[in-house]
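These protein sequences, in sequence, are chains A and B.
Just so we're aligned: the first sequence equals residues 124 to 297 in our numbering.
Just so we're aligned: the second sequence equals residues 124 to 297 in our numbering.
The list makes no distinction among identical chains, and a pair is therefore deemed to hold if it is satisfied within one copy or across any two copies.
25 Å max Cα-Cα, derived SDA-like pairs, lysine to any residue:
1. Lys276 <-> Gln230
2. Lys196 <-> Ala165
3. Lys240 <-> Pro220
4. Lys268 <-> Pro157
5. Lys276 <-> Gln226
6. Lys196 <-> Arg213
7. Lys196 <-> Gly237
8. Lys240 <-> Arg199
9. Lys286 <-> Ala222
10. Lys286 <-> Gly242
11. Lys286 <-> Phe234
12. Lys276 <-> Leu231
13. Lys251 <-> Ala165
14. Lys268 <-> Gln244
15. Lys240 <-> Gly201
16. Lys276 <-> Phe228
17. Lys252 <-> Ile158
These aren't lab readings, by the way, just hints derived from the structure by calculation.
There are 2 protein chains.
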Amino acid sequence: MIRIGLALIVTAALTVALAYTALGSEQTDGDTAPIFGIKIPAGYRDWRLISVAHEEGSLNDLRAILGNDIAIKAFREGTYPFPDGTIIARLAWDYVPLAESAQAFGQLQSFVAGPPKNGVQFMVKDSKKYASTGGWGFAHFNDGKPADETVHKTCFACHEVAKARDFVFNRYAP
Amino acid sequence: MIRIGLALIVTAALTVALAYTALGSEQTDGDTAPIFGIKIPAGYRDWRLISVAHEEGSLNDLRAILGNDIAIKAFREGTYPFPDGTIIARLAWDYVPLAESAQAFGQLQSFVAGPPKNGVQFMVKDSKKYASTGGWGFAHFNDGKPADETVHKTCFACHEVAKARDFVFNRYAP
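If we strip away everything but chain A, and leave its shape as in the complex, we get (with noise of 0.2 Å):
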């Protein structure tokens, strides 16, 4: 009966850490975008941050990069090109100054994110699926649903200038 116990035990381990990677990585939400046949992946908001960046000129936003497990641990092993599997998602925000920075600092200098601006986008890595497009395929998504095809063929076309980085324009902030 230890035994049993035992193995009851490892399998019931395993279930629990199979289910929390499964929860973040393979679910799916809403409406697919059009050529790459992507959905938003379900609770990509609680992924781990890869790096932020600040998009001035007319886009003028904030941005948080996030990945999944494997795009994570790709990101901190350094691995080029990322492993199929490995999705990233860009997330941006309107880039607004923070009200008490002023008094805080004695002159404005902290602008922090308000309310989303410009979409959520997502790379997904499937070296056969996306073979013609550097193995990514790509997805716009605005207040949660899908941009047109017409916006889906400009992301490949701007990514390839960072060919060596196999086309992801961030790196992994430590």
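Chain B: place on chain A using the hints.
The following block gives chain B in isolation, referenced to the frame of chain A:
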């Protein structure tokens, strides 16, 4: 035996769940910062994202605000004041132009996180232990080493301007 087996499964599942929680939020690393007696929480780089920010001026950095599970739950539910056990981490990196930005956008407009800069800071909520500073303990580390007492004396005075949000500058970025 089935009942014992089920009890073991539940016990094992709870053990795994508790071990996972403890790993992220309760262990600490290295030297203790002065005044508030805070060490670097182990695994904080794996915490979930609260928000992002950019400091202009002499700080000139890009920031990420991460939180332990208690912090994330409180931010998402809008709980003020934050419950005891909340830990908020402020990471920062140099504000550097993305080399490929001009090529991708036709002008240099993308700025990304470079090497770590301006240290790592933590706010730890313990309403009894830190009663004289709004229930918050503060800690600042440069390259893993705590800053001196003089630095730590400035924390609460600055955060007081955000008293209406329980002394926390950042809001949750959805």
